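Turn these sequences into a full structure, and let the hints steer you where they fit.
2 protein chains.
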Amino acid sequence: MTQSDAASAHALEFWFEFGSNYSYLSVMRIEALAAQYAVPILWRPFLLGPIFKKFGWDNSPFVLQKEKGMYTWIDMTRQCEKYGLPWTRPTHFPRSALLPMRVALLGVDQPWIGAFCKRIMQLNFAADREIDNPEVVGEVLTELGLSPHHMIEAACSEPSKLRLRENTQTAMQLGIFGAPTFFVGTGMFWGNDRLEDALIFAARSRQGKLSTPSE
Amino acid sequence: MTQSDAASAHALEFWFEFGSNYSYLSVMRIEALAAQYAVPILWRPFLLGPIFKKFGWDNSPFVLQKEKGMYTWIDMTRQCEKYGLPWTRPTHFPRSALLPMRVALLGVDQPWIGAFCKRIMQLNFAADREIDNPEVVGEVLTELGLSPHHMIEAACSEPSKLRLRENTQTAMQLGIFGAPTFFVGTGMFWGNDRLEDALIFAARSRQGKLSTPSE
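Keeping their order, the protein sequence lines are chains A and B.
Each residue of the first sequence is one higher than the one before, starting from 9 at the first, in the working numbering.
Each residue of the second sequence is one higher than the one before, starting from 9 at the first, in the working numbering.
It should be emphasised that the hints constitute simulated quantities derived from the structure, not laboratory data.
None of the values given here were measured: they were computed from a predicted structure.
Please note that the accuracy of each hint is not assured.
DSSO-like cross-link-like pairs, simulated, lysine-lysine; straight-line CA separation at most 30 Å [to be verified]: (1) Lys-169/A - Lys-76/B; (2) Lys-74/B - Lys-76/A; (3) Lys-126/A - Lys-74/A; (4) Lys-61/A - Lys-62/B; (5) Lys-62/B - Lys-74/A; (6) Lys-169/B - Lys-74/A; (7) Lys-74/B - Lys-62/B; (8) Lys-61/A - Lys-74/B; (9) Lys-62/A - Lys-74/B; (10) Lys-61/B - Lys-76/A; (11) Lys-76/A - Lys-90/A; (12) Lys-76/B - Lys-90/A; (13) Lys-76/A - Lys-169/B; (14) Lys-90/B - Lys-90/A; (15) Lys-76/A - Lys-62/B; (16) Lys-74/B - Lys-74/A.
Right, dumping it as structure tokens:
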């Protein structure tokens, strides 16, 4: 095991999608919580659409399953109230998010990743705005002091598109079936409701590791 | 509004199924938690099968959707550890539970309802035993000091069978799509993860009611 493998075994892999409402809750909460547990975050943007297609669904289960969909919006209102987050039910759901997902992939190891993801999520789920266009993404990048022209060009390059497809492929291979999903080593935790459990698991793994005599 | 309506508007309706693993978690936790919040429980046994059939599914989504199913057993192991509950993955899932569901319906207003439901759930999810037969249900009733012969006869009567069908019909009309589901008045809360939220909501509704000047 390399030093990097050892580090990531106690980190939290965060698999998310900008179109996913429950990913919104986790994107808004994860940085403060992970800091509290002293667990590093590994950002893993991926596309939910191809995963749902594999199950034979041509849309979100919240759209395909009327009863569950109706409940989801009530649940989101309550959850946002609980967490003190702004909430507007999107007039268009799920929103396409290809461009911001590709930009996020450029930033996974950059200090601006958290702020970028939060801002895109707020546009979708609090401001009820479309997020899959260069104007909106450019606006966010400018706010963060980044170069919109350069970043959007890089995001639309073939290697960048390929990278998002590869991440989505990896998500499938890992058995991911929804978002958000967290991994600590090989341990999967599904849904915003399990974010705290995943962080506790990661923090305990690290402590266990540190306390072994061989360290 | 009658006194009984007013009371039930601040009570917790608990919709559950003995075959449902997440209902197991709630059955084991609900009495102690509801007592803590001083919220009365209204027990509402219903059948999940006809609800799933309405969605075009001939089995539990945990069986039909391989990835989600695999995750569910990992999640159950963790959740049971978190709550300090015994857990054995059932060798047969989901288990048929017609007879114990009908017996539970006879007991919804009786002091033994909680103990009966817990015991049936433990047989399914801790002892890995079949639960849909007169021997096992009779065993549980005897342990509770009830007459197995009399109770099972009553449970198998036509009015009793009809009552379970009616409860399931009501569940469909309420938009229930899984178990456990909780209602506080018209407010739906889905899943064991929302039990605490539902109780807090019920307790707050009651306090609001009590503090109005007209009371």
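Verification of the supplied hints:
1. In summary, the hint linking Lys-169/A to Lys-76/B is supported, as the alpha carbons are separated by about 28 Å, within the 30 Å threshold.
2. This hinted pair checks out: Lys-74/B and Lys-76/A have alpha carbons roughly 20 Å apart, not beyond 30 Å.
3. A distance of roughly 28 Å separates the Cα atoms of Lys-126/A and Lys-74/A; the hinted pair therefore holds under the 30 Å criterion.
4. Taking the CA atoms of Lys-61/A and Lys-62/B, the gap is near 22 Å; set against the 30 Å cutoff, the hint holds.
5. The straight-line distance between the Cα atoms of Lys-62/B and Lys-74/A is roughly 12 Å, inside the 30 Å bound, and the hint therefore holds.
6. Note on Lys-169/B and Lys-74/A: the hinted pairing holds, with a Cα-Cα distance of about 29 Å set against a maximum of 30 Å.
7. In summary, the hint linking Lys-74/B to Lys-62/B is supported, as the alpha carbons are separated by about 20 Å, within the 30 Å threshold.
8. Proximity of Lys-61/A to Lys-74/B is assessed by CA-CA distance (about 14 Å); at most 30 Å being required, the pair is judged to hold.
9. Among the hinted pairs, Lys-62/A with Lys-74/B is consistent with the structure: their alpha-carbon atoms are about 12 Å apart, no more than 30 Å.
10. At roughly 15 Å between alpha-carbon atoms, Lys-61/B and Lys-76/A fall within 30 Å of each other, so this suggested pair holds.
11. Using a Cα cut-off of 30 Å, the hinted pair Lys-76/A and Lys-90/A holds, with the two alpha carbons roughly 20 Å apart.
12. Taking the CA atoms of Lys-76/B and Lys-90/A, the gap is about 27 Å. The hint holds against a cut of 30 Å.
13. At roughly 28 Å between alpha-carbon atoms, Lys-76/A and Lys-169/B fall within 30 Å of each other, so this suggested pair holds.
14. At most 30 Å may separate the alpha-carbon atoms for a hinted pair to count; Lys-90/B and Lys-90/A meet this at roughly 22 Å.
15. For the hint linking Lys-76/A to Lys-62/B, the alpha-carbon distance of about 13 Å falls within 30 Å, and the restraint holds.
16. For the suggested pair Lys-74/B and Lys-74/A, the alpha carbons sit about 22 Å apart, so the restraint of at most 30 Å is met.
Hint violations for this structure: none, all hints satisfied.
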